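Asker: Spelled out from the first residue to the last, the chains are:
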Amino acid sequence: MAKLNFEVEELTGEIKIPAINPGATAHVKPNPSKDEHNTALGFPGGLVENWEAKAVEKMGELLGKYKSLRVFMDSCVRCGSCTDKCHYFIGTGDPNNMPVARQELMRKVYRRNFNPGGKLLGALAGAEDMSQSVMDQWNSYFHQCSQCRRCSVYCPYGIDTAEVSMAAREIMNSVGIGQKYCNEILGKVTTVGNNLGLQKAALANTLEFLEEDVEEETGHAVKFPLDVKGADVLLIAPSADFFSSPHIEGLTGYAKVFHEAGVSWTISSYASEFANFGMFIGSFDTMQTVAKRIRDAAIELGVKRIIVGECGHAWRVAYSFWHTLIGPWDFLDPKYQTPTHIAEFTLDLIQRGGLKLDKSANDERVVTFHDSCNVARASRMGDMPGGQFEIPRAVIRAVCNNFVEMDENTIREFTYCCGGGGGLLTDELMEIRVKGVSPRAQALHEVMERKGVNTMAAICAICKAQFTKVLPEYGFDMEVVASLHQLVSDAIILGGKPGV
Amino acid sequence: MSIELNGVTYETDEDGYLVNVDQWNKDVAVVLAKDEGVEMSDNHWEVVDFLREYYEEYKIAPMIRILTKAIGKKLGKEKGNTKYLYELYPGGPAKQACKIAGLPKPTGCV
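Just so you know, the protein sequences line up as chains A and B, in that order.
Each residue of the first sequence is one higher than the one before, counting from 1132 in the numbering used here.
Each residue of the second sequence is one higher than the one before, counting from 2 in the numbering used here.
Hints are computed from structural coordinates only; laboratory data are not their basis.
Take the hints with a grain of salt, since some may be wrong.
[What the hints assert, rightly or not] Covered by chain B, per the in silico footprint, the following chain A stretches (three or more residues, Cβ under 8 angstroms): (1) 1307-1321; (2) 1365-1377; (3) 1501-1511; (4) 1574-1582; (5) 1589-1603.
The structure displayed is predicted, hence computed values, not measured ones.
We put the beta carbon where it would ideally sit given N, CA and C, even for glycine.
Hey, can you work out the whole structure from these sequences and the hints?
Answerer: Structure representation (structure tokens):
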């Protein structure tokens, strides 16, 4: 990687509110998508004629479709609660990264076109026409929002900036302004079946490699089955689990859990992706197209249930939207809840005595847990409130002897984003990614110094990829980042139980 | 964007990856490496050669562990790990080494 041309904050263990630095990251913008990336998703290839009016027209359509958006546009009282809650503001000092100001970029156009005061009084009422300069701000700052919803936790009205940024991106796409990273990837997942563009032969080769590797290491023939008709379980994992580290170690953990449980399972080459970037660009139709491959694969393979791997935003899509997008689940066994998270499956198995574990295998680790934003604030897990926080922690406690929490203002519903979510995990946005991780980096540093933490587990492919890439810029070893099921994998004694 | 070398134009994308994977040769690889601050040694070439072989067959870069294992076999077991690959390619084997090998940039959560 080229050397960074900006300064990286020093690690002190303290999250400091920065001095205001107007325009500090105005220059950070995503690469524009190519025409063919846009048209493949049904968006115009290039900038449409009369785009200003068309953008406003699209905004009107969304305001009608999503009542929440209109409420968010109308209800802000500028109390200031959100101003210092965004990791991108904390990392950059750019006032446009205050959630209220980010929303204001849309709200000023909303006022001009949909609010009587703004229509009448214009700038006096804080209203502004859509223009090239407004669109430039949108393209910058709605791509400096990872849609993590931390600000919404502190907003007394519950205004959700994630939804505003999704709407902004939908409007941009509708006039032909696409973001390359998301749109190119969505093109791949809707044709090849995964974000990586990993074709069936390559996937098969990867899984065969893992089978040999695990057998070599453990002496147990743990399978990584592909396209097995009639299997009980369809595993839907983020495709990073087939490619990067520490993701692969997580996938290995899932396979060992299934092996010990004695269940028949399969991966699908057709639906080899859990991630669904349709959500990041605010496109219901794209999100549905991507999700539908999973339904189709489950029917085709004749499975009884769907279990999903470690992927944060996709868990939101699955938990909160799948029923609407691709339900009903009448072809699955009603005995099981759909979707089931792999952490739920593993914990249930542990609690029923179905896994033999040697916690001491993880004794060289002192583990902390990073709550991924979409899991923490946009979904739940299991059958109790807060299950999304307790289940992964219960798994960690069952497989590790040393677990400590980071500062309470940085975990659970108050967790900080990794800085790479929401479709920002791309090199041209590196400045915002490195700066945006700073609150998490400080909180991690603090427990490393004070409590000897050397491992931070996560249950999101984006978090893992982002952390291994940007934490080294602060001086962390990339191996500090672990998959939850990597810890499980290391503690499992294979062949220890007959399975239940 | 493009690279001019010995009278040939090599088109590159915004991030400096070759647009046409078939246009790659060792001379342009050296230029791509220099741009990344990487001086190519024999061990660097082993990684690049393996990436190109794998790509030829599977149309994608290999999973990191397939790469580390292959390098371990060629260069010795103590070098068959991610750490060594990052020593060779500090920008990451998936992105930096792929770029120098003329492969498309891996996309997704990587």
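Asker: Work down the list of hints and note, for each, if the structure agrees.
Answerer: Results of checking the hints against the structure:
1. 1307-1321: holds (count 5)
2. 1365-1377: Our answer is that it holds, as 7 residues pass the Cβ test (under 8 angstroms) against chain B, meeting three.
3. 1501-1511: violated (count 0)
4. 1574-1582: violated (count 0)
5. 1589-1603: Holds: 5 residues of the region 1589-1603 of chain A have a Cβ under 8 angstroms from chain B.
Violated hints, in rising order: 3, 4; the structure is consistent with all others.
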